[in-house]
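Same order as they appear, the protein sequences are chains Y and B. Quick note on numbering: this note's numbering labels position 128 of the first sequence as 153, and the sequence is numbered without any gaps. Quick note on numbering: this note's numbering labels position 308 of the second sequence as 310, and the sequence is numbered without any gaps.
It should be emphasised that the hints constitute simulated quantities derived from the structure, not laboratory data. Computed from a predicted model, the values in this text were never measured in an experiment. Hints may contain errors.
Straight line, CA to CA, 25 Å or less: simulated DSS-like cross-link-like pairs of lysine-lysine [stated by the list, open to error]: (1) Lys142(Y) x Lys296(B); (2) Lys373(B) x Lys295(B); (3) Lys295(B) x Lys102(Y); (4) Lys166(B) x Lys102(Y); (5) Lys166(B) x Lys68(B); (6) Lys166(Y) x Lys142(Y); (7) Lys245(Y) x Lys234(Y); (8) Lys142(Y) x Lys54(B); (9) Lys286(B) x Lys166(B); (10) Lys54(B) x Lys68(B); (11) Lys242(B) x Lys274(B); (12) Lys166(Y) x Lys102(Y).
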Amino acid sequence: MPFYAGIDVGSLSSDAVIIDQEGRMLGSAITETGAHSTQAAEKALDLALAQAGLSRGDLAFSVATGYGRVSVPMAQKTITEISCHGLGAHAIFPNTRTVIDIGGQDSKAISLDERGKVVDFVMNDKCAAGTGRFLEVMAGKLGLTLDDLGRLSLAAAGEVSISSVCTVFAESEVVSLVARNHPREQIVRGLHRAIVNRVAAMVGGLGVKEAVTMSGGVAKNAGVVALMAERLGINIQVPPEPQIVGALGAALLARRQAG
Amino acid sequence: MSLAGKARFQFMKDVGAPALFALNKSAARKKRRPRPANPDFGPPLACAGRLKEIMARHYYLARFAKGARPVAWVTSGAPVELLRAFGYYTIYPENHGALCGAQKMGPELCQAAEEQGFSPDLCSYARVDLGHFFSRKTPAGRLPRPDLLFCSNNICQTVVYWYKVLAHYLKVPLVMFDTPFHFEEFTEADLDYMARQIQEMIPELERHSGRRFDEAYFRSVTQLSRDTSLLWGQCLATMKARPAPMTIFDAFVHLAPVVSLRGLPVAQEYYKILLAELEERAAKGVGALRQEKKRLMWDNIAIWYKVRDFSNLFASRGMNFVVATYTNAWAETIQYLNLDDPFKSVAQTYGLVILNNNLEHRLQLMSQMVKDYAVDGLVLHSARSCKPYSVGQYDLKRLISQRLGIPAVVIEADITDYRMFSEEQAATRLEAFFEALEAA
Ligand SMILES: Nc1ncnc2c1ncn2[C@@H]1O[C@H](COP(=O)(O)OP(=O)(O)OP(=O)(O)O)[C@@H](O)[C@H]1O
Ligand code: SF4
Ligand SMILES: [Mg+2]
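Looking at chain B on its own, in the form it has when it is part of the complex (with noise of 0.2 Å):
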């Protein structure tokens, strides 16, 4: 890490990033005509302004990081907390992914891998992640090369696969954390298994960094990433009032600190900012609709390229999604983590995510939200891209529709890769689930 590196990236954190982005404020509000208001929407959160900003400077200070900091590339289910801990600047790939599959992005980057041999039944993450890095296109202006990759398989088997590309490419070292699959239950030796990972990475991650490990900083790290997970479910929890305050195509944007700056301070600012507001609405009875007519329940991660069209399609009808196993992800198994016993609950952690556990709990999950966010009906995205997270669905969703009696349907599509999507047959799916609902 050259001195002059760090002294430039502490510049641009300190001086140059907030100087850059409060111009460009001052010119976006000059420039800013306003949208007109979609009247189906309830007034917009507030706090929308400060995430777009906190994640463009994150993407924006990436740019000086390399040199300054080690800069990893992370995959969302990996323990971060033991890097935060030797102060790696981290990127996921995933949420570029996403970002990428927002602007629409999602098929070119796939078939600059594509044409490097890489197969379209592929991850549409990996495969943007890689056409990145091939073609060098980004929305984000520019990716800091990583100094390390970590990547655990309780997501799926495919990270490990993709990261290994990547560190055969940039020949940089994979620090990978394996996970068994929750089965039934873990047993001691599972979990002992997954705990000496962590500390056997120590050393190694020492000498990477040339940074000696802190137990104490490490567990305050640990416990910032605790409560801002924490927040972040109580954040969601506020979406059980009648009309729900935000809804979960919202949340899939708020969702970007948790899963890529989670155990960072500013993450946590940023969940209390947004609590706060969520409190106030919910308690004036400020709706994220103005009617609130049904509420629905979202499985598996968005459609990225889709999020804004589903949006007001949604709002048209009346329908608010109020709840999503993907958004519940980052908050659903932060109690296990425990600072008496950090490594061990680490393992508990990360071990228990809802990708690397069984179906059962997933029907179980599923079907205790749609009680306590009193669901009205079910909209399962097939995702042709994670495989982990679409397999069963067919089954989950006429067990749910059957025990519950409610409406379920299935949406065949991608994340980010609008290839797989046919408008015509999303569409008449979706009419016919809301004549079922609204006959309901």
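In isolation and in its complexed conformation, chain Y is listed as follows (with noise of 0.2 Å):
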């Protein structure tokens, strides 16, 4: 029975997925992509293979995505992003008309039909505000971890406004904030507000068709999702695991190529 992997080597994390003929999944990793992306994709390719107790000669076909697709040398094609997680999101929720992937150094929106076929999409440009790396740098400097964001978020009683989604600029804001004494959730809830507003701009330009599916690391974080969902005035649904499903669009892509 062949078996197809698919590497996401993002620029945080590296993801592998591992399905069978039948598109079921055996085996998913995540891992830093640090500074080899060579190294971290084999990495999570090989945790992936062990959950599914499998090596990689059991591999029919691989298809890399992601920033780092290029370093894979173990996939037999690239695939960008932006059809691997329309793809992901349509397989795991096959209403999803839009995906809202927000990951490490990139957001993007991207519209798909119901094959989940790429219609349209939409990037932030060449700017960390409004992805993960914002909250990251921002997380750090209120010394939480990104596992604190999304809980101090939902719980705050209130909200700081942050006028600037520049990291640079932000992150003296929340400086001074801090100095001020402000309440750190307010603080938290203030920049995820920034960061929505930003994509919301952007998934607005695309035009929001439902169901609305979030994909990438920031859809853990459920202070993002929430907001995300007022201000767009819908329901958002996430994946169980949101950080693998450009990894999970690879492997089915895999699975296409070789059929």
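From the two separate chains plus the hints, produce the assembled complex.
Here it is in structure tokens:
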């Protein structure tokens, strides 16, 4: 029985998914990309294979995606994250018409047809504003972990407004808010609001068609998801593990390539 | 104008330049190692060499023009026919900017302007020009200082302030042609307002150039300009053929004469040669690409430092740009130029250029082009420099791709300042666009 791998080498995380001929997910892994994308890709792949109880020799075809897709020698083909996130989201929630992927260094909105094919997309440009990296930098400034962010944001009684979405400016804004003893959770909520406003404007340009699915690491942040749903005035579905949606799409495309 | 200067210019024009270029040519022939032909492309255009020679000669002679002929710096959208009637030697800073951009000198020259306090948000054609002015660096050897600045705000408001700055530094007169924006339609008053400006410029230019206005000569120049632009339009129209006989990346280069030598016989002669070659290729089925799988449209000015890379990239996927709003701009409104009423028709011709026209017009124009040229996909360059060209592109993209059902992508970049270009981000967008096109 042939097996397929999808490997998503992003700016922050390298993720892998193994599927079988029926498209069932047998293993997955999330690792840090770090300074060596090839090593990170190998590590993610081997972890996912181990979980599936397989070895590289069992793979019939592999597809690499993400910014590091060209440095994955084990993959026979590269396909962009746009197509992969689209297909991955469609596989998990077939009703998906819009995908919002917020990763480490960029955010994108993808509109899909009923078969999961990309109709159109927009991406943020040349700037960390509106991305997971922005939240990481700010969490660092506030002495918080990524896991704290969502919880604190949801629990906040109020909200501080952050006027800048530029990572550099927002950082100094946060420093001065902390110095003036503003509650941390309110600052966190304000930061989430800033990111959501930025991404929502981008999604708006594409036109929001329901159902909307969020993917990428930031979808794990319940604070961002809640504010995004509020801002767009719709319900947002989040896969059980949003960070591997791109890798799943890549694995499905690997199966299609081989077939 | 000194007699000696005039004699020297005439000598260089008739004897010096031709001798030099003949010499260069034979030297180049000896030196040239045949570049391995890229298998994605069909045979190259034979007249490309002639084009190179014309443009090199133009910039070379410019060095001797000063003192022999009045020199004017002109914006791309200005009614140059009027200056031609007074014998001005014209330099187009925007064309020079494109040249600097293609030679990858954009950031260096932009920085030279930024060091003098000009904002990095200013159009990079302006920054390159001012940077060249401050640093004297140019790939063109040397540009003659202008005796006159001639600008029209039919392309943008930036040129008004840019040329005012030049006038301030160079202490030379600035003549400006002010065109009201074309929101819905031009009223009689609008047309009168524009035509009267042209008429009022005549005595000024007579005084400045020391030459009498000869209406018959003005008409003949206008005729020449019109014929040249019409020829350019015919050249572009040959790209309706499948496969198209040239790519838009070729056209970006072959555009230079109609922009900066329009109204001179040399430009017209050149396009006759080009048209004949293109028609022959089209008739014989010789394409710019060996295999033209998909046909694309380009919106906005070229990304000058990326023309070659993009040309190779798209060719490697069998994708050919067959039409662009940008190259079309020098053919689009010329039909309004009417010799029976030159002043008012100049107003129409230059008042209705794409950048002075509303977005609905652009939508109609682009939709029509998609149909006429059998376009499969649309690439929009959102140029950081050019706000009037880039505003509204996301709406255009959405409307065209929805209504006509073709994939479209926006590339954020700049015309010359490659600090504004992210290789990775552009590559991902383009690849996703290719995936959509190839799946279609
Ligand atoms: N447990 C978590 N809780 C909240 N946020 C998280 C969590 N884990 C990761 N993130 C967020 O996800 C981001 C990384 O997302 P992801 O792994 O999708 O990025 P990537 O694919 O490497 O980047 P890109 O797609 O931009 O190249 C981090 O910057 C962080 O903000
Ligand atoms: S590129 Fe745009 S902003 Fe710059 S001079 Fe040309 S029209 Fe004006
Ligand atoms: Mg990612």
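Verification of the supplied hints:
1. With a C-alpha separation of about 19 Å, the suggested pair Lys142(Y) and Lys296(B) falls inside the 25 Å cut-off, and the hint holds.
2. In summary, the hint linking Lys373(B) to Lys295(B) is supported, as the alpha carbons are separated by about 17 Å, within the 25 Å threshold.
3. Restraint check for Lys295(B) and Lys102(Y): the C-alpha separation of about 21 Å stays at or below 25 Å, so the hint holds.
4. Between Lys166(B) and Lys102(Y) the CA atoms are separated by roughly 55 Å; this puts the pair beyond 25 Å, and the hint is violated.
5. A distance of roughly 21 Å separates the Cα atoms of Lys166(B) and Lys68(B); the hinted pair therefore holds under the 25 Å criterion.
6. For the given pair, Lys166(Y) sits about 40 Å from Lys142(Y) by alpha-carbon distance, which is inconsistent with the 25 Å threshold.
7. Restraint check for Lys245(Y) and Lys234(Y): the C-alpha separation of about 22 Å stays at or below 25 Å, so the hint holds.
8. For the proposed pair Lys142(Y) and Lys54(B), the alpha carbon gap of about 45 Å is over 25 Å, so the pair is violated.
9. Under the criterion of a C-alpha separation no larger than 25 Å, the hint pairing Lys286(B) with Lys166(B) is inconsistent with the structure, at around 51 Å.
10. With a CA separation close to 23 Å, the supplied pair Lys54(B) and Lys68(B) stays within the 25 Å bound.
11. A distance of roughly 18 Å separates the Cα atoms of Lys242(B) and Lys274(B); the hinted pair therefore holds under the 25 Å criterion.
12. With a CA separation close to 40 Å, the supplied pair Lys166(Y) and Lys102(Y) exceeds the 25 Å bound.
Against the hints set out earlier in the document, violations occur for numbers 4, 6, 8, 9, 12.
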